[in-house]
Every structure is written in C-alpha cells, then in structure tokens.
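Visitor: Since chain A is already given, all that's left is putting chain B on it; use the hints.
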Amino acid sequence: MIKRMLAALAASAVMMSAVPVVYAEDMTFTVGFDAEFPPYGYKDDSGEYVGFDLDLAEEVCKRRGWELVKQPIDWNSKDLELETGAIDCIWNGFTIDGREDEYTWSVPYVDNSQVVVVKDSSGISSPADLAGKVVCVQADSSALEALTGDDATDENKALCASFAELSQVGDYNSAFLNLDSGAVDAVCLDVGVANYEVKSRKGYTVLPDPISSEKYGVGFLKGNTELRDKVQESLFEMLDDGTFMEIADKWELSSSVCLEKNAAVAASDTDDELPSDDDGPTADDLIYICRELLEGLVSSVGIFFLTLLFALPLGLLVAFGRMSQNVVLRNIVRLYISIFRGTPLMLQLLVVFFGPYYVFGISTSTSYRFMAVIIGFTLNYAAYFAEIYRSGIQSVNKGQYEAAQILGYTPQQRFIRIVFPQMVKNIIPSITNEVITLVKDTSLAFAISYAEMFTIAKQVAAAETTILPLFVAGLFYYIGNAVVAAVMAYIEKKMSYFR
Amino acid sequence: MSLLEVKNVKKSFDGNEVLKDISMTVEKGEVISILGPSGSGKTTFLRCMTMLETVDSGEIAYSGEKAVTTVDGKAVYASKADMRRIKTYFGLVFQSFELFPHFSVMGNITDAPIHVMKRPRDEVEKEARELLKKLGLSERADHYPYQLSGGQKQRVAIARALAMDPQMIFFDEPTSALDPELTAEILKVLRELAAEKMTMVIVTHEIAFARAVSDRVIFMDGGVIIEQGSPADVIDHPSNERTRAFLKKMSE
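Respectively, the protein sequence lines represent chains A and B.
Those letters in the first sequence? Residues 1 to 499, per the working numbering, in order.
Those letters in the second sequence? Residues 1001 to 1252, per the working numbering, in order.
No lab work stands behind these hints, which were simulated from the structure alone.
Beta carbons are placed, not taken as given, at the ideal position from N, Cα and C, and that holds for glycine.
Be aware that one or more of the hints could be misleading.
[What the hints assert, rightly or not] Derived list of chain B stretches under chain A, where covered just means 3 residues or more per stretch with a C-beta under 8 Å from a C-beta of chain A:
| id | region |
| --- | --- |
| 1 | 1076-1089 |
| 2 | 1106-1119 |
| 3 | 1141-1152 |
[As the list claims (entries may be wrong)] Below, computed lysine-lysine pairings styled on BS3-like, alpha-carbon distance capped at 30 Å:
| id | chain 1 | residue 1 | chain 2 | residue 2 |
| --- | --- | --- | --- | --- |
| 4 | B | LYS1134 | B | LYS1028 |
| 5 | B | LYS1087 | A | LYS43 |
| 6 | A | LYS202 | A | LYS250 |
| 7 | B | LYS1028 | B | LYS1118 |
| 8 | A | LYS494 | B | LYS1126 |
| 9 | B | LYS1118 | A | LYS398 |
| 10 | A | LYS250 | A | LYS119 |
| 11 | A | LYS398 | B | LYS1248 |
| 12 | B | LYS1010 | B | LYS1066 |
| 13 | A | LYS398 | B | LYS1087 |
| 14 | A | LYS133 | B | LYS1118 |
| 15 | A | LYS70 | A | LYS215 |
| 16 | B | LYS1133 | B | LYS1066 |
| 17 | B | LYS1080 | A | LYS157 |
| 18 | B | LYS1066 | B | LYS1028 |
| 19 | B | LYS1134 | B | LYS1197 |
| 20 | A | LYS157 | A | LYS250 |
| 21 | B | LYS1080 | B | LYS1028 |
| 22 | B | LYS1080 | B | LYS1010 |
| 23 | A | LYS398 | B | LYS1010 |
| 24 | B | LYS1080 | B | LYS1007 |
| 25 | A | LYS494 | B | LYS1074 |
| 26 | A | LYS215 | A | LYS261 |
| 27 | B | LYS1066 | B | LYS1118 |
| 28 | A | LYS398 | A | LYS440 |
| 29 | B | LYS1080 | B | LYS1020 |
| 30 | A | LYS202 | A | LYS43 |
| 31 | A | LYS199 | B | LYS1028 |
For reference, chain A alone in the conformation it holds in the complex (with noise of 0.2 Å):
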C-alpha cells in the first residue's frame, strides 16, 4: 500500500517543493468510489469503470507513473475501507461540506449543488410542494446532509419535517427505479448526477432552486497530507496545461468545476489528530447503536414472524400441489419450486418490488415496500417449505394410508389425524435449519431499501465510521438464532413422545 511507501518517503525534505516533480514510484494508487454514481464514476454499457474522477484520477497516476487501481466501495463502508488502507482516497463526487474535520481534503474541484428532481408529471415545482410527499435519498449522501444532518440549516429541517416520509436508498439506480414506479414523489441528489440522470432518462425535471450548494473535493485518510499533497500538485498540472478543463468537458461538468491554485484547502486538514470520538466506542456510543439496532431489530422480527406466519401454510398447499394427481398443477408448482429455490432472494424481492411497475405499469405506493418484504419472503420460504413437506409427507409408511383405509378414515381425516402429526415429527430437523436460515435472511430486505436490522447497521456504521454497529447486530442475529434453535429443541421435545 501507498501509505507505507510514504511513511518511508516522509522524512525527505523534497516533499512539500513546490516545483512539480514526475516521481517515477513503484507504487499502486487506490481509488474508493461508488460504481453507480455517474457521471463521477460509474460502469458504463461496455462494463467498464468511468467517470470523470476515474479520469481525473488515471491522468494524475499516468504524470505520476503510479498504478490506478479502481476500486468500487459500498458507500456506507468508505471509511471502513479507507482505515483499513484498503483504498489510499475516497473520489466520487465526495462532498467537502460538513465532512471537513472526518478527512484530509484536496482544495475542492467541483462545485455541486442539492437539487430535486421530480416526475414531469408530479405537479411539484418547488421544494414547498414537497409537503406531505415521499422523498428519497442515497443513505449517507451529501443530500441526506444538506436535510437532516447537524450542519443543516433550519429551512431544509422544516423541509424534511414536512415530507411524509425521507426514505434512504442505497444507490441512485434504485432512487430512479423507486421515482419510476412511484414509491417516491421526488429524489433529492447532487447537481451534475441530477443533470446526468435526467438527460439519459425520460420524463424528469430538476427543479431550479437548490436546497443547498457544496463543493466535491478527494478525501483522504485524516492526516494523510503527503499523499493529498501529491495528488493535487498534479491536478493543478494539468489545470495549468488544460488538460483538466479537457476531461471536464468531455464529461460536460466544465461548468461546475472549481479547481483553484491557492484555493484554501478545507478547514482543518493540518490538524493531524484525530477527532476524539475515534479513540474507541464509548458506553455511550454503544447504548446509541443499540437503541438504533432495537428499532431495526423490530422490523427484522416482524419479517420474520410474517414469513413463518404466510409461508408455512402456503408451502403445505404447494406440497399438495406438488403431489397432485392433475399433470399440468403438479408442472406449474414444480416450476415456481425450481424456480424460487434456483435464484437468489435479493433478486426475488426486487423483482416483487419493481415488478409492479415495470411489467403491469402499476404505480406502487411506499407502503408496498413492506408488503413486497413479505411477499418475496414468504413466496421464496413457501417453496423450500412445499419440499420438506413433500419428504415428510413421504416419509410416512404406506402401510399407514392402508390401515386408515381400512379403518374407514377419509382421505382429510386420514392426512389430518394420521399423516400430518407423523409428518410434523419427520420434518422438524429440516424446518429448525430453514427457520434459523430465515433469521439471517431477513437482512435481505436491505436490497430493497427497507429498514431493518442490518440496514441500519450499515447506515450507523457509516455514520459512526465504525464497525461496532456490525458487530452488535451480528450478536443480535446469533441471540436471535439462540432463542430459535431453543425453540425448535422444545418442539422436538414435546414430540419426542412418539417414535
């Protein structure tokens, strides 16, 4: 990594010369940045990672004969990443504003402004029509600031209290996704990604007064001057020979660009501490995370009761759909079984979610997003349920039908009074190992931005920039499993009075 190489480089006078030096280093050179958040960095139709700071970024390393290494962060993670050395720097559109003590900041080289960007259609041509509306933003994003943060002015707080609901996405793709199919009335988001989204997609506007202006710069690991020191020599290089302006038009940002020699660099970067509340969590800190993981944890429990509650039934019928006489209900079960057990959960919930919209053209409201939890839940659980059932139901000795035969039972009291309770005894390893799969999987719904436990881990993790958060709700899930295996070992118990 390039902080060791530095460390070493750090006694050498020559470092802070003013004269531009072509240092030809060995050396590799990590960029941090989000892949879906265009035009700043993103993976374009070829697959490939661009962007304007991508190419700002190649262009210092190719004067700096350093390797460029691109590497796509999930943004709640950044600062884990960026501690742990496994990127040198944080490129991508990376607001300055309300961040200037938490990194070590070149001089700002673009300057952005929070818009809103609405449907056409919406009716909504100001922040104040946004009353009693949806809005959505990138958790942890410089718009989610600029609202709700501690350095938010009193108007953009009175704003958001206004809104029905903030509501936090992980990406910009799924903000537009959740604007197209109306679970969300308006997106609030940086200025040249509004610009961007709104041009290569239909039937948007941004709405012309801001909520708030800021400026992008490249962040670095607090106290890492040398290497920001670096970087910038060689951004004002090339804002001298042009070459800067080149790539901003070829991005069409030239407009917003900023980059000034002299320029003060953010506030405090020459202080070299770091800030207190990284010392290591305080009691205090941990009763916050807490406090924040027990809402989380309310939602995940209610998803995983709903789901047991919906699934376990349901996958008894498709069992006996499975097992049917008819020919084409036993193919069409067997087909949603392959079809539920051979894709993946995430996948299935955004299909429930978006689905709506983009197949049936029906718009969702926000209180869908819960609905479709349960719904891809219960839809995937039904399916590994239906199976275990159907081995159960096997299981059960044919001598077992013939003697109730002959007893004169029904075919219903026959699978109610003598296959099911035998059935129930057969299954309860297998359904104890999906019940406690189940646990961990509602982290899942995080894939379509609802708010349980681990999202909120996630987006305290961010906020905190530390990975206590994580850890805590790692315990909580394996408490969780706790209770669940000493459930399921009290049922098999119960049942054990029988062989």
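Guide: Relative to chain A, chain B alone:
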C-alpha cells in the same frame, strides 16, 4: 347368505397374471386359512378382498352386497357411499401391524370408532378397556406402540380391528413378524375369537398354525386354488401333487 362371496376374480400386474379366476365363499363363524408358497398370489388375493387392490374382473359381495361386479369383462366398483358401508363389514390385521405411532394404545383402538363411526367417546373407551382386558393388555392402555413387544403390538392391532365391530377379520401372515414362541400366544387369541364365533380368514404359510386354528384350509399356488377342505384332508391327506410338494418342503 354367505358372509363373503368371491367369484372368478382375476388380477394382473404389468401383464403378469397373479390371480387366475379365483372363487371362494366364507360362511358366518368359519375360520379359514389360506396356505401357499410365496408368490402363490395369496397376499394379493387378501388385498383384493379388502379393497386395498382393485381386481381386473370378477365379483366380490359381502352379505349379499356387491362391492365389485363385472360388466363386459371389466370390474365395476360400487358407489363411494356403498363402498364405505361395505368396508365396515370386515377388518384387517396387518403383517407389520401398522399401529399409529403417535397414538397411545387407547388412542389406536378408539380413534376410528370416535372419528369415523362418530360414536361417543365414553362408550368407545369403556368398550376398549374391556377389549384390552380380554387381550391381557389392561396395563398398557397409555403406552405408545414403540414401548410394546411384537406380541403386544399384534394384540393391540387385533383390538383395533375388533373395536370397529366387523363381521369378519382378515389376518395377513399373523405369525411371521413374531418370535416362534409367540405363535402359541396368538393361537390362543384366535381360538378365543373363534369360540365367540368371529369369522376369520388367515393368510399364512405356517402349516402347523393353519391346522391348529382353522375349520377349512385353502391351498393356493400359481394364482389358483389347488385344493380346499378340512385341515385333516388338505394337510394330512393331500390329493394334489403340488400340495404334497409344498407340505413336504415346509416340513423339511
């Protein structure tokens, strides 16, 4: 009228004819043993008479009520409602007993009378206790099948069949799942039932058992009845060569 009348029953599995035109009547109070080597078709015959298997053609009637008739060479079964009634005329004790593992001994005996015959629980349980007493199982009413010995399981299976108050009971190989010393025990139970004029049809390949228990012996082989009559005639003085060969083989 005969309790059971079987006429010209035929049954094939995948083109392999297992029952070739079999006829038999059972009169009230008779104890009949069906003897024969394995593969002779005796078990299939029992399964056809108890409706666990459908016949290809022929006639089966219980107390004159026709369960199966043959129209244009094809077997036609009675309506569902008629079949439900006809099936109450007989009981069956399975070779492997097939007790319900999740019911206690009492549950095994009373569940069908309560839920199928819709009889009051008190009355059914009272009768069940008497049956258990008669079969020497009074101590076992609350046990589960897995806690019972083979002989006990078989007596519970017999009690379960008797609790449905059938006119006749079929037994499928009643001695084969038991230790040899328990044969005397089951023989005692069947003799007690015979003394009470219970009609019984017993499929077995144990010659001594058949001779000891039955009024009439039917010897089957190759899907047909070879010979029938009193145990003294069929077993001690067989007229047919195949019967003699089987008896000789079994006594070796």
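Visitor: Between the alpha carbons of A/LYS157 and A/LYS250, is the straight-line distance 30 Å or under?
Guide: With a Cα-Cα distance of about 36 Å, the restraint between A/LYS157 and A/LYS250 is violated, given a limit of 30 Å.
Visitor: Taking 8 Å as the C-beta cutoff, is the stated coverage of the region 1141-1152 of chain B by chain A satisfied by three or more residues?
Guide: Holds: 3 residues of the region 1141-1152 of chain B have a Cβ under 8 Å from chain A.
Visitor: Compare the distance between the alpha carbons of B/LYS1066 and B/LYS1028 with 30 Å, and conclude whether the hinted pair is satisfied.
Guide: holds, 17 Å
Visitor: For a C-alpha distance cap of 30 Å, please report whether A/LYS250 and A/LYS119 respect it.
Guide: holds, 27 Å
Visitor: Holds or violated: are the alpha carbons of B/LYS1010 and B/LYS1066 at most 30 Å from each other?
Guide: Holds. B/LYS1010 to B/LYS1066 sits at ~16 Å (cutoff 30 Å).
Visitor: For the pair we were handed, B/LYS1028 and B/LYS1118, check the Cα-Cα distance against 30 Å.
Guide: holds, 27 Å
Visitor: Is it true that the CA of B/LYS1134 sits at most 30 Å from the CA of B/LYS1028?
Guide: holds, 22 Å
Visitor: Would you check the hint for A/LYS215 and A/LYS261, treating anything up to 30 Å between C-alpha atoms as holding?
Guide: Answer holds: A/LYS215 to A/LYS261 is near 15 Å, not above 30 Å.
Visitor: Regarding the pair B/LYS1134 and B/LYS1197, is the alpha-carbon distance no greater than 30 Å?
Guide: holds, 16 Å
Visitor: For the pair supplied as a hint, B/LYS1118 and A/LYS398, confirm whether the alpha-carbon distance does not exceed 30 Å.
Guide: Holds, at roughly 25 Å.
Visitor: Regarding the pair A/LYS133 and B/LYS1118, is the alpha-carbon distance no greater than 30 Å?
Guide: violated, 62 Å
Visitor: Does A/LYS157 lie within 30 Å of B/LYS1080 when you go C-alpha to C-alpha?
Guide: violated, 74 Å
When each numbered hint is compared with the structure, violations occur for hints 5, 11, 14, 16, 17, 20, 25, 28, 31.
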